[in-house]
Each structure stands twice: as structure tokens, then as C-alpha cells.
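Undergrad: Listed here are the chains, written in short residue letters.
Number of protein chains: 2
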Amino acid sequence: MKPLESVFNARCVAVVGASANPEKTGHIILKNIIEGGFAGRIYPVNPKAEEILGLPCHASLSAIDGPVDVVVIVVPSKFVPDVMEEAGGKQVSGAVVISGGFGETGNEELERRIVAIAERYGTRIIGPNCQGFNYTPNRLCASWPLVTKSGPIAVISQSGTVGAAIEMWAEQAGIGISGFVALGNAADVNETDLIDLFKEDPNTRVISLYIEGVQDGRRFMESVRSAREKKPVVVLKPGTTQKGARAIQSHTRSIAGRDEIFEAVTRQLGIVRARTITELFDYSLALGFMDKPKGNRLLIVTSSGGSGIIATDAAEQNGIRVVDLPGQLAAELKQALPPQCVVANPLDLTGDAKAERYRVAADIAVQYDAVDSILLIFGDPIPGACEVVNDLKEKTDKRIVVAYLGGGQTEEQEKLKLHRSGTPVFPTPERAVAALRVLLS
Amino acid sequence: MKPLESVFNARCVAVVGASANPEKTGHIILKNIIEGGFAGRIYPVNPKAEEILGLPCHASLSAIDGPVDVVVIVVPSKFVPDVMEEAGGKQVSGAVVISGGFGETGNEELERRIVAIAERYGTRIIGPNCQGFNYTPNRLCASWPLVTKSGPIAVISQSGTVGAAIEMWAEQAGIGISGFVALGNAADVNETDLIDLFKEDPNTRVISLYIEGVQDGRRFMESVRSAREKKPVVVLKPGTTQKGARAIQSHTRSIAGRDEIFEAVTRQLGIVRARTITELFDYSLALGFMDKPKGNRLLIVTSSGGSGIIATDAAEQNGIRVVDLPGQLAAELKQALPPQCVVANPLDLTGDAKAERYRVAADIAVQYDAVDSILLIFGDPIPGACEVVNDLKEKTDKRIVVAYLGGGQTEEQEKLKLHRSGTPVFPTPERAVAALRVLLS
Numbered sequence: 083m084k085p086l087e088s089v090f091n092a093r094c095v096a097v098v099g100a101s102a103n104p105e106k107t108g109h110i111i112l113k114n115i116i117e118g119g120f121a122g123r124i125y126p127v128n129p130k131a132e133e134i135l136g137l138p139c140h141a142s143l144s145a146i147d148g149p150v151d152v153v154v155i156v157v158p159s160k161f162v163p164d165v166m167e168e169a170g171g172k173q174v175s176g177a178v179v180i181s182g183g184f185g186e187t188g189n190e191e192l193e194r195r196i197v198a199i200a201e202r203y204g205t206r207i208i209g210p211n212c213q214g215f216n217y218t219p220n221r222l223c224a225s226w227p228l229v230t231k232s233g234p235i236a237v238i239s240q241s242g243t244v245g246a247a248i249e250m251w252a253e254q255a256g257i258g259i260s261g262f263v264a265l266g267n268a269a270d271v272n273e274t275d276l277i278d279l280f281k282e283d284p285n286t287r288v289i290s291l292y293i294e295g296v297q298d299g300r301r302f303m304e305s306v307r308s309a310r311e312k313k314p315v316v317v318l319k320p321g322t323t324q325k326g327a328r329a330i331q332s333h334t335r336s337i338a339g340r341d342e343i344f345e346a347v348t349r350q351l352g353i354v355r356a357r358t359i360t361e362l363f364d365y366s367l368a369l370g371f372m373d374k375p376k377g378n379r380l381l382i383v384t385s386s387g388g389s390g391i392i393a394t395d396a397a398e399q400n401g402i403r404v405v406d407l408p409g410q411l412a413a414e415l416k417q418a419l420p421p422q423c424v425v426a427n428p429l430d431l432t433g434d435a436k437a438e439r440y441r442v443a444a445d446i447a448v449q450y451d452a453v454d455s456i457l458l459i460f461g462d463p464i465p466g467a468c469e470v471v472n473d474l475k476e477k478t479d480k481r482i483v484v485a486y487l488g489g490g491q492t493e494e495q496e497k498l499k500l501h502r503s504g505t506p507v508f509p510t511p512e513r514a515v516a517a518l519r520v521l522l523s
Numbered sequence: 083m084k085p086l087e088s089v090f091n092a093r094c095v096a097v098v099g100a101s102a103n104p105e106k107t108g109h110i111i112l113k114n115i116i117e118g119g120f121a122g123r124i125y126p127v128n129p130k131a132e133e134i135l136g137l138p139c140h141a142s143l144s145a146i147d148g149p150v151d152v153v154v155i156v157v158p159s160k161f162v163p164d165v166m167e168e169a170g171g172k173q174v175s176g177a178v179v180i181s182g183g184f185g186e187t188g189n190e191e192l193e194r195r196i197v198a199i200a201e202r203y204g205t206r207i208i209g210p211n212c213q214g215f216n217y218t219p220n221r222l223c224a225s226w227p228l229v230t231k232s233g234p235i236a237v238i239s240q241s242g243t244v245g246a247a248i249e250m251w252a253e254q255a256g257i258g259i260s261g262f263v264a265l266g267n268a269a270d271v272n273e274t275d276l277i278d279l280f281k282e283d284p285n286t287r288v289i290s291l292y293i294e295g296v297q298d299g300r301r302f303m304e305s306v307r308s309a310r311e312k313k314p315v316v317v318l319k320p321g322t323t324q325k326g327a328r329a330i331q332s333h334t335r336s337i338a339g340r341d342e343i344f345e346a347v348t349r350q351l352g353i354v355r356a357r358t359i360t361e362l363f364d365y366s367l368a369l370g371f372m373d374k375p376k377g378n379r380l381l382i383v384t385s386s387g388g389s390g391i392i393a394t395d396a397a398e399q400n401g402i403r404v405v406d407l408p409g410q411l412a413a414e415l416k417q418a419l420p421p422q423c424v425v426a427n428p429l430d431l432t433g434d435a436k437a438e439r440y441r442v443a444a445d446i447a448v449q450y451d452a453v454d455s456i457l458l459i460f461g462d463p464i465p466g467a468c469e470v471v472n473d474l475k476e477k478t479d480k481r482i483v484v485a486y487l488g489g490g491q492t493e494e495q496e497k498l499k500l501h502r503s504g505t506p507v508f509p510t511p512e513r514a515v516a517a518l519r520v521l522l523s
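As given, the protein sequences belong to chains A and B, one line each in that order. Residues are numbered in our numbering as their position in the first sequence, beginning at 1, plus a constant of 82. Residues are numbered in our numbering as their position in the second sequence, beginning at 1, plus a constant of 82.
Bound-form chain A, shown alone:
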């Protein structure tokens, strides 16, 4: 079999079933590959068109003059075996079969045929019946929607939509992803192959999984165990209710399995389990950007009294200690801060606090052993928040967790700057605390 790396690092990509109709998937994917900035060769294949999106069309894969590394296939399922044969003949490394109409609709026979062809030539298959893949280090978005920002998260998903949602949120926040692969029917490439791949990928700092079931439990456990030596793994696996488990069988024909067993496996392997799509995103951010704090002692610093209280409740409920300030720290803070500040934990800098007051307070606090992490909640339009955080991170090995809310356009700007400089920003105190809990787990 061709190495999976050569699929992700392809230099020449063909789209079989490329379309001039902007509503067709064969158009959208071609457009995303072009607009994503892929620097290699792009070949639309469509016997009925002269050119699409400014690129000359080819009548077939075989008609392309020169090598092809990856072929994205968007033609009806019955034509896929012929395309696979051509792909094999051209020594294509990977076929990304977007088309549905295979095992998921009862056409197991057709699915077995394309797998057999692929095996004969050593071609890897992503899919069929999938939303493609995206690998930002190679600027290759053979999927939708268009996501181009590079970041630390690799998303492996049995649901195109769940993966795309994570991609989109990461893109909008200016965080980005390293890769995204929609498994589809996983006729060849499955979750384990991709864990093995992203484990070695230097662009990936965290592996995020949406899976409904596991094809080979033993191999999955081996892969994850080995991956966990290098990077964190987060998983969202539904099917915790009877009806959910039944729906899984209709969707990907996976066996959901008993949830207690999967839960035990995740604990044993040190996988972080997300309970919602939002958690999958938040925990990926936290683990993709931050290391484990030394302990569970937290100082909350904020201009928003209410947010500080909410964070306190959330922390205490999650086993994170909102420690009492040591006398000397309290005394130093009292001396340095204006009198309206409430020197306690949460440390309330009050509503007129600018970035500078956060800097003063945090600079003092990081010098004390009594605290392992500092949660900075910016609760107003506070310009300069990003610089305060970045300067602070240079000075300390304590964890600096950031939440920003209620800050209008300033918040948007500061959040983008913070994300670009590698600090995740959570939109509420509760989500920031939940992320910290996961770092501690």
C-alpha cells in the first residue's frame, strides 16, 4: 500500500467529476482546492467541459499528462470502479471517494470491488461516502467548507458535519487546524490509520476524534496508547442512549458498544472524553495549546465581579481549588492596586480596570507558589489584553487561562490576536474552567 503521508502531501491532485455548476460538490471541492491556495497541479476531470474555474479539463484520469498523487472522486458510485482502475494505472497514492451509494445504502458488493481494486494497486481510499480531507500544511482543502488557517488540531471524524463544525469554529477564531479527515464508510483508511499518521505529524499537537464505533478495538487501543506518548487525544463518541446507539447502526453501521466499556478504555488510555461538540472543540483548544498545570490551585483575576463569582462556582464544582490568598500576596496586591479593588480570590479589579491593572496584579501573583494557574477574565472592552497575557506567559511557567466576554469589537480584536499568538480564549468563565479541568485530568 502507498504511504498515507503521500496522500496528505500530494503535489498533483485530480478531481474526477469536476463540475461547472456552483451547487455541485464537484465544483465546490475543486474551488476549495484552488482557493485554499494549493501550490501543486490541479486537474479537473470532466469529459463534457473544456475548462472549469479557469483550469483546462481532462476527459479522463488517464488522459492527464503527468503524475497524479490524489484523485478526488465525485461521480456516481457505479462509475467509481472504473475510475479506481485508472487511478491504479496512474500509480495514484490515494483516492478520496466523496460519492455515496456503497455499503451505507446496502451496496456492500460495490464497496468490496473498489477496495479490491485499490488493494491490487496499493491505492489508499478515504471514504467512500465522505466529506473528503483537508491538510492545511499542504494547503489542500479537498473538502468543504473552505478552511485554510493552520493550527494545532487534527480532526478525524465519522461525521463530516461534526468535523466541519470544529474546522469552522477554529477558522473563525483564527486558531486553525492541521488536518481534517471525514472517514465516511472507512472502507480502507480508518480512525486507527489516521491516529498513526497524525501522531507523527509535527503540525499536529492534539488529535480530536468523533467516532461512533471502532473497527478493531485492539488496534485502536494500541494506536491510541502509542499516540498518547506524544500528544493528547480527545474523543466525542455518542450512542450513550439506546436510541442513539440504534441510530448509529443506521448511520455508519458501527457497533456503538457498551458505553461503560468505552468509558473504561478512555480512562485507561488517558483519552479526554468530550460530552458535546462544544466540549470537543474547547478541549481540543486547551490541549492543543496548553500543558498541564503543576496542581489544581487557581487564582481568578477579573474586572467583572460577576464573572469571577461564576468562575469560582465552576472551579469549586470541578475540583479546582480557588485558594485563599497567602497574607503576603494579599498585602502586596493591596499596596499595588487602587483601593476599590477587592483583594481576594476571585481578585476583582473592578469595572474601571484597564489592561495595565491586570498586568500589575498578575506580575505580583506569578511570584507566589500558592497558585498553579491564573484565570484572567477580561470582562469589558480592554485593549492590550493580548500583550499582558503574552508578556505574562514569558515570565512564568504557571498556566494562564483566558476568558473574554462583554467586550464588543475590542474583544473580537484581542481574541484574534491572542489566538494568533497561541493562547486560546474561552467565551465564558464556565468554558474556561472546564478547559482547565481537562488540562488537569
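Calculated from the structure, these hints are not laboratory results. Treat the numbers as computed from the prediction; the structure is a model and nothing was measured. Hints are supplied without guarantee of correctness; some may be wrong.
Identical copies carry no separate label here, and so any pair may be met within one copy or between two of them.
[To be verified] The calculated lysine-lysine pairs, modelled on DSS-like cross-linking and capped at a C-alpha distance of 27 Å, are:
id, residue 1, residue 2
1, K436, K130
2, K172, K416
3, K160, K84
4, K436, K312
5, K416, K325
6, K436, K113
7, K160, K499
Once you've looked at the hints, dock chain B against the given chain A.
TA: Chain B alone, transformed into the frame defined by chain A:
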């Protein structure tokens, strides 16, 4: 006392402590009143400036020629009593005291003084030590950040930041708010006065509260009981942990009270209790836009198999029944939909579904009694989603709940259109289901 309505419907507003320095609160508020589109008269007051933001400055409140309905006060606390005297002399209806340095810093005496002056003249006080108020029907954003979009939610908050966060999310989503009031120290106007106000406000469909404690339990219960006859009330009240409760005393000097008691009161009054800021927003959306479904039987319709499973788990865990499809409904759907669709509940329209397929499926489903609500999860870039939802809502009295994710720019456009036409869109299946649970409660 002057009626509170005349504060919110002010025609002439003065800002005492208006500043030319863009970083000062006295600048930001003046700017927001101007840029928010307030159609009445705006008077900056600052003895040292000729004009600010293009408006002529006045040396004092008394120097203004003509009536003033509302004065926003941003000068240091020690000058506030004099301003209050002038305000009284000018028969001002309301003084919005942004300035801190009163009860919250131990200056109870100063706070009592301004209350006494206000009582003498009948002036209402919002604050002191607060983030002002915003009333979109009057385009009067005497607060920050600038929020102008009119919508059904009235936010009453003991935390400026929590209120501002709700405002901002509502603004960004194109949903908007009716009003926002930051209580600050609530020396005069408190949560109960505002519940009484927004209860009668025709622009408000839901009252959202962030409170840390209640000043007068009996009056609060009476107000809420009366408000509940007209509209829903959602509340976020932290202080559920010991340390959280202690932090509340430092922040607003409220007594958090025993949480079990507050919980019992909310149940008795039919208040929906949010557990996080996100829930406060989501539940306000749901209750501000949607009525209670007839029962708890749900049909899930989606192009995203994974999202359907996640929604199924969430519903079943929340006591919402993902009902088995009646035989006749299943038969009708099978006939009308392409063969790859999984006709079950969740109804999986599969990844190539366009808006039209949602329409076909939903049009059939609404004719069956077996279902009380339909959750439409758009899990792809699906143009036309908004029209399908709106047409459907005209045809049925079932609840139509919408989630949209993984849809790139199309999602953003459709979401905005849906929000403008009065349908809330939730960003994940889990949040949509939680909102439905609240409608049912």
C-alpha cells in the same frame, strides 16, 4: 418618584463627565448614545471642553437650556451629590450613576446622600457603580459596548459584563435585545422595579436576569409571579458553592442565600433557571421566540447522520421522546425521499440533501399527530434553509427548532436571515435540544 418609563423613553439626555479622551468611559458612553442613533437631544457636560464628538459642551447640568430627562453621571463619586442636586433642580427623571466609589468601597454614607437627594426630588437612580442601560426601542445605548439591534430579550443584570455578553451575542447573531440594565449597587432601582417595568413593555417577550441576591424576597416573588402571567423569566444566579457565595458578598454585598431555597422559589414561580451564561442566552432565545410545544415527542430531521445521533442522545437524556415513526409516516417518507435516506427517527436525509429535501420531509411529517416538535439540523452549506423553515412555520403549529453547523459562509447567511425572521438558530444539536427542554418545562 418619577415613573421609570420616562427614563427609558427619555427625549433629552445629558452626560455629565463627557470626555474627549476616547479611552474614558465619559467618551465611550456619549459616543454610543450618538452612534446608537438616539433621536432626542444629547448634551455633553464638561466645563473644560468647547465641544466633544461634534456636540457643544455645557459647563454644568444647570447651564443646559431646556429640559433633561436622563442624566448619565461619570464624574468622581465626591462630585455626584452636587450633580444630583442640579438634576433634581432640573426635574430630571433618572440619574444613571456610572461612577463607583459608593457602598461597594465602604462609602455607604455617600450612597445614602445621593439617595436622599434623589428622593427629595423624585429622581430615579440607576446604579451607582454600574454599566448604565440600553433601551433599543428608544435607540438609547447609555452603556457599553454599543448594541443597537432591537429584539425580544430584556436583560437585567447585577453584573455589567454578564449583561453585556448577552447583549453582544444577541447583536452579533442579528437577534437583538429590547433593553439592558446594569443594576450596579441598586441604591434605588432594583431588579424588582425592572421586572415590573419590562413585564409591561410591549417590546419585551422574555426577561433575563443575572442576580446574585434579592433585595426584598417577598416583593421579588410578587413581581415575578405577576410577570410570569405575561412572559417567561430566565435567571442565572451563582453562589451555589461556599466560595462563590462568599465572593458575592464582596461583589454586590448581596446575600446569596441557601441555593435550595432559591431553587424551590424558581420552581414555584415557574422561572427557568440557567446554570451558565451560555444557558442564560440560549434559554432567553428559546423563550423569547418560541411557545411551548404540545408535548414532548420529537422528530429529528438532518443531513448529518452524526448530528442526528448526538441530538437523539441529548433528547433521550433530557426526557424528550425521539418517537418511532408511525408506519404510514415512514411509508410516505420512503416514497417521497431518495433511496439513500434513512427513514427513521432521526431522519437522515444524508449528505447530499439540499433545502428542498428538508421541505419535502418536513411537509409530510407536520401532517402527523405523532410528533409535537421537529428539530431541523442543517449540517452542511445549505442555501434556502431559512425559506424552508419559514414556510414550514406558516403551515403548522408544531414547534420547529433549528440547529445549523458545519455550513461555512452559507450557514452565517442563513442564520442571520433566520434570526431576522424570528427563528433562533442553535450552533449545536445539544444546545438546540436543551432549549427545547426548557420550552417544555
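Undergrad: Taking the hints in turn, state whether each one holds.
TA: Right, here's what the structure says about each hint:
1. K436 / K130: For K436 and K130, the Cα distance is within 27 Å only across copies (24 Å; inside one copy 63 Å).
2. K172 / K416: For K172 and K416, neither the intra-copy (73 Å) nor the inter-copy (41 Å) Cα distance is at most 27 Å.
3. K160 / K84: Within one copy only: 25 Å inside, 78 Å across.
4. K436 / K312: So K436 and K312 fail the 27 Å test inside a copy (39 Å) and across (41 Å) alike.
5. K416 / K325: Close across copies (20 Å), not inside one copy (57 Å); limit 27 Å.
6. K436 / K113: Cα proximity of K436 and K113: across copies only (19 Å, versus 45 Å in one copy).
7. K160 / K499: Result: close neither inside a copy nor across copies, 49 Å intra and 39 Å inter.
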